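Engineer: Given these sequences and hints, build the entire structure.
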Amino acid sequence: MLIWQLMSWKLTRTNQKSNGEVMCLVHDVIQAADSKADDLTGFNASSESKRLHTRDAPDPSGVFDHDGWKEVAPEIIAPTREKQNEGGGHTFTVPALMYRPLTSVIKAAFSEPLSKWFHFIPFKHIWKSASGQEQHIYDELYSSDVWNKAHDEIQKQKRDDNC
Numbered sequence: 066m067l068i069w070q071l072m073s074w075k076l077t078r079t080n081q082k083s084n085g086e087v088m089c090l091v092h093d094v095i096q097a098a099d100s101k102a103d104d105l106t107g108f109n110a111s112s113e114s115k116r117l118h119t120r121d122a123p124d125p126s127g128v129f130d131h132d133g134w135k136e137v138a139p140e141i142i143a144p145t146r147e148k149q150n151e152g153g154g155h156t157f158t159v160p161a162l163m164y165r166p167l168t169s170v171i172k173a174a175f176s177e178p179l180s181k182w183f184h185f186i187p188f189k190h191i192w193k194s195a196s197g198q199e200q201h202i203y204d205e206l207y208s209s210d211v212w213n214k215a216h217d218e219i220q221k222q223k224r225d226d227n228c
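In case it helps, the numbering used here puts the sequence shown at residues 66 to 228.
Don't read these hints as lab results, they were simulated from the structure.
Each hint should be verified, as a subset may be incorrect.
Claimed, not checked - Derived pair list, reagent style DSSO-like, types lysine-lysine, alpha-carbon separation capped at 27 Å: (1) 214 to 193; (2) 189 to 221; (3) 181 to 214; (4) 189 to 214; (5) 115 to 75; (6) 221 to 181; (7) 135 to 115; (8) 189 to 148; (9) 214 to 172; (10) 115 to 101; (11) 135 to 172; (12) 82 to 101; (13) 189 to 223; (14) 82 to 115.
To be verified - Distance ranges between label pairs, derived from CB positions: (15) 144 to 93: 42 to 48 Å; (16) 115 to 207: 39 to 45 Å; (17) 78 to 115: 19 to 25 Å; (18) 88 to 222: 44 to 50 Å; (19) 161 to 218: 38 to 44 Å; (20) 178 to 107: 16 to 22 Å; (21) 213 to 87: 35 to 41 Å; (22) 222 to 139: 34 to 40 Å; (23) 132 to 205: 20 to 26 Å; (24) 105 to 189: 46 to 52 Å; (25) 210 to 92: 39 to 45 Å.
Being a predicted model, the structure only gives us computed values, none of them experimental.
A virtual CB, placed ideally from N, CA and C, is assigned to each residue, including glycine.
Structural biologist: Right, here's the structure in full:
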């Protein structure tokens, strides 16, 4: 019965639920080791969404607990219609802005099992129409002309003995 209810839920109200999302719901939520049906007693999605978006709400997912996340409160200057000699505007503080340095993003990406499928050698993605006309497809950075040119220039460099 539960499988029928789950698939009925997937196929109703919206067609935006993918099979992958349903699999994540089943494996990561419903079948999670710490999952208890009683935890959902009195559940209200709207209330929980509001609670999660407040600054003081705990981060139950722990998403910011690893991978080098940092918290800052940067000040930004928003332009106004008034002319100001200083060239500024109104200053606003963005509280609790979370960011990750690029190096921690790269380290995290390469620690994932899927990193074995990363493209390190660029290529051109060509589509051939039924009439035989070829068109260069620009869908990823590693298939761009700039990436291909930079790769060629690196390959042409003279090797160091220490390399």
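Engineer: Indicate, hint by hint, whether the structure satisfies it.
Structural biologist: Right, here's what the structure says about each hint:
1. 214 to 193: 23 Å, holds
2. 189 to 221: Given that 27 Å is the threshold and the Cα spacing comes to 19 Å, the pair holds.
3. 181 to 214: 24 Å, holds
4. 189 to 214: Roughly 11 Å between the alpha carbons, so the hint for residue 189 and residue 214 holds.
5. 115 to 75: The hint holds at about 24 Å.
6. 221 to 181: Distance of about 26 Å is within 27 Å: holds.
7. 135 to 115: 23 Å, holds
8. 189 to 148: Distance ~49 Å between residue 189 and residue 148 Cα, so the pair is violated.
9. 214 to 172: 26 Å, holds
10. 115 to 101: 22 Å, holds
11. 135 to 172: 15 Å, holds
12. 82 to 101: Distance of about 23 Å is within 27 Å: holds.
13. 189 to 223: At roughly 25 Å apart (the allowed maximum being 27 Å), residue 223 and residue 189 satisfy the hint.
14. 82 to 115: 22 Å, holds
15. 144 to 93: 42 to 48 Å: Holds, since residue 144 and residue 93 (Cβ atoms, about 43 Å apart) stay within the stated range.
16. 115 to 207: 39 to 45 Å: 41 Å, holds
17. 78 to 115: 19 to 25 Å: 22 Å, holds
18. 88 to 222: 44 to 50 Å: 46 Å, holds
19. 161 to 218: 38 to 44 Å: Since residue 161 and residue 218 have Cβ atoms about 42 Å apart, the given range 38 to 44 Å holds.
20. 178 to 107: 16 to 22 Å: 38 Å, violated
21. 213 to 87: 35 to 41 Å: Given about 39 Å between the Cβ atoms, the range holds.
22. 222 to 139: 34 to 40 Å: Holds, at about 39 Å.
23. 132 to 205: 20 to 26 Å: 23 Å, holds
24. 105 to 189: 46 to 52 Å: 51 Å, holds
25. 210 to 92: 39 to 45 Å: Because 41 Å falls inside the window, the suggested range holds.
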